[in-house]
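*Asks:* Residue strings, one per chain:
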Amino acid sequence: MTAEEEREKLLADLGRQARVVAGREIYFDWEGFLWDPNDWDEEVARILALESGLADLSEVHWKVLRFFREYYFYHGRAPMNRHLKEGARLSLGEIESLFPGGIRRGARRLAGLPNPKSCF
Amino acid sequence: MSDRLIYLDNAATSFPKPREVLDRMLQGYVEMGVSPGRGSYDLALEAEDIVQRAREQLALFFGAPDADRIIFAANATDALNIAFNGLLQPGDHVISTRLEHNSVLRPLYHFRERGWISYDLVHFDDNGFVDPDEIGRNVKQNTRLVIVSHASNVLGTVQPVKEIGRVCAERGIPLIIDASQSAGKIPIDMTAWNVSAVAFTGHKALFGPTGIGGLAICPDLDILPSRFGGTGVDSKSPIHTEAFPHRLEAGTINLIGIMGLSAGIDYIMQKGMESIHGEEMALLKRLRDGLSGLEHVEMYCAGNLSDHVAVLTANVDDVNPEDGGAILDGDFNIAVRVGLHCAPLVHEDLGTISRGAIRFSPGIFNTPEDIDHAIRAMASMSQNQKHGGGAGLRR
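Chains A and B, in that order, are what the protein sequence lines are. Here our numbering = 1-based position in the first sequence + 90. Here our numbering = 1-based position in the second sequence + 41.
Only chain A is shown next, with the shape it has when bound in the complex (with noise of 0.2 angstroms):
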């Protein structure tokens, strides 16, 4: 086994994957969800939001983007439905709508959060 593949392996075992995105790499949960929220920046998410099929994320998609990095920031969680309507200023299913994942595979991932791994 190469250097590289042992690498790989290795990321495999920790549920992770290396991607360069923006130039730079960045590791990624085997669903997309970045392995650290502070890899993320505004350019990651464009890249993130085109594969996705959202070719230009609107004002409206960054007040969602921001409320949810900033709630988690502060929180050290992500915002409850309750929470996320009230701070987004939008139904949850305004959200679900912008975005072409929905709110969790959408919206939450292209803000940077950790996977839920909700009880699925």
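By construction, these hints were calculated from the structure, which means they are not laboratory data. Heads up, the beta-carbon is just placed ideally off N, CA and C, and yes, glycines get one too. There could be a bad hint or two in this list.
[Said to hold, decoys possible] Take a look, some chain B residues computed to stay more than 10 angstroms from chain A by CB distance:
1. A210
2. E211
3. D364
[Said to hold, decoys possible] What follows is a list of derived Cβ distance ranges for each label pair:
4. A:A93 with B:N183: 45 to 51 angstroms
5. B:E336 with A:P190: 54 to 60 angstroms
6. A:Q107 with B:D261: 51 to 57 angstroms
7. B:A210 with A:M170: 31 to 37 angstroms
8. A:R167 with B:S159: 39 to 45 angstroms
9. B:A323 with A:D131: 28 to 34 angstroms
10. A:Q107 with B:A323: 47 to 53 angstroms
11. B:S395 with A:L140: 22 to 28 angstroms
12. A:M91 with B:A210: 54 to 60 angstroms
Put chain B on the given structure of chain A with help from the hints.
*Replies:* Chain B alone, transformed into the frame defined by chain A:
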């Protein structure tokens, strides 16, 4: 948006609890929250009387022949683990179904991965029912046990346990049923149905609190103890007692849980199981009929609601069920359960394994207006579809 929470997750835990159950728990624990049967003072004996009364009550409730073989556990999963650990021997074969909850699937998988047992899982048909004869066809010379979920926690379908019991009895194989979703909704007569053990939990349709459940066992089923410790009897012996019920109970028992479970059963007996089930099914039918008319909404095994409990699982075409649950909660104040419901094989067979589904499970404290609100919420979600797609009733 409703100004109060519309709770449609009773298949997970019934909520709210009847006031009289909570009152009895509080009053009972205030007056005699001591170690039942551990001591010579009157209060300990009175507490033990409460436990014994609950055993007798449960024996009557499940048609079990011996109240001493009502074993208390933390929940149905715990009870099933007690049964599997005390029954299965290396080389045994087990028959179960693809309807099972992980409370059955994971212990069986665990034993198989260690090379101790083998098992076969019987498929369910397009309407969500297992064919008893299919269980018979899977019997092998070393089949030690059949374990079947009485009512599916995903589809709500009630399995023909009486016929399965006949098939098992003809072949001399013990049958255990997981009654997590049926106990309190469907009358169970384990003696008449040739059921060797019933695993139950208190916190669903029995209206008790979380943390209490158990196993009702027929005398023909010899379950060995798999955990050992204090029982309050024969303390000088290093050997855990062989006598029921302590044989399968180690450590101080969950008295307040038993008080709540007992009060919950009293509540059911007073209100009438048939009446409770009828009320819930009327709500479920209202929901099913309302959702049937919606575009982009798909329901599973809900075409015929006879032999069902009040559980209905659905999806909106392009809405991830997790998001669907969030929208129902955040925008409509409706609590439902989303995902795979700890029953992955059911979702595999429905074709929903990659995303799961939204499960509605109304209870007796719901109203027709609650159901109409849920239908409107689903209508709103289906109208906001990003893409078109098929809809309607599947199966």
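*Asks:* Against this structure, judge whether each hint is valid.
*Replies:* Hint-by-hint comparison with the structure:
Every C-beta of chain A lies more than 10 angstroms from that of A210 of chain B, the closest at about 38 angstroms, which supports listing it as non-interface. Every CB of chain A is more than 10 angstroms from the CB of E211 of chain B (nearest about 40 angstroms), matching its label as outside the interface. A beta-carbon of chain A is positioned within 10 angstroms of the beta-carbon of D364 of chain B; the least distance is around 4 angstroms. At roughly 49 angstroms, the beta carbons of A93 of chain A and N183 of chain B sit within the given window of 45 to 51 angstroms.
Restraint check, E336 of chain B to P190 of chain A: a C-beta distance of roughly 21 angstroms breaks the suggested window 54 to 60 angstroms. The hinted range of 51 to 57 angstroms is satisfied by Q107 of chain A and D261 of chain B, whose Cβ atoms lie roughly 54 angstroms apart. Between A210 of chain B and M170 of chain A the Cβ separation comes to about 51 angstroms, which falls outside the hinted range of 31 to 37 angstroms. Taken as a hint, the range 39 to 45 angstroms holds for the pair R167 of chain A and S159 of chain B, whose Cβ atoms sit roughly 43 angstroms apart.
The supplied range of 28 to 34 angstroms is broken by A323 of chain B and D131 of chain A, whose beta-carbon atoms lie about 55 angstroms from each other. For Q107 of chain A and A323 of chain B, the hinted distance range of 47 to 53 angstroms is satisfied, since their beta carbons lie about 50 angstroms from each other. Between S395 of chain B and L140 of chain A, the C-beta spacing of about 23 angstroms keeps the proposed range 22 to 28 angstroms intact. Between M91 of chain A and A210 of chain B the Cβ separation comes to about 57 angstroms, which falls inside the hinted range of 54 to 60 angstroms.
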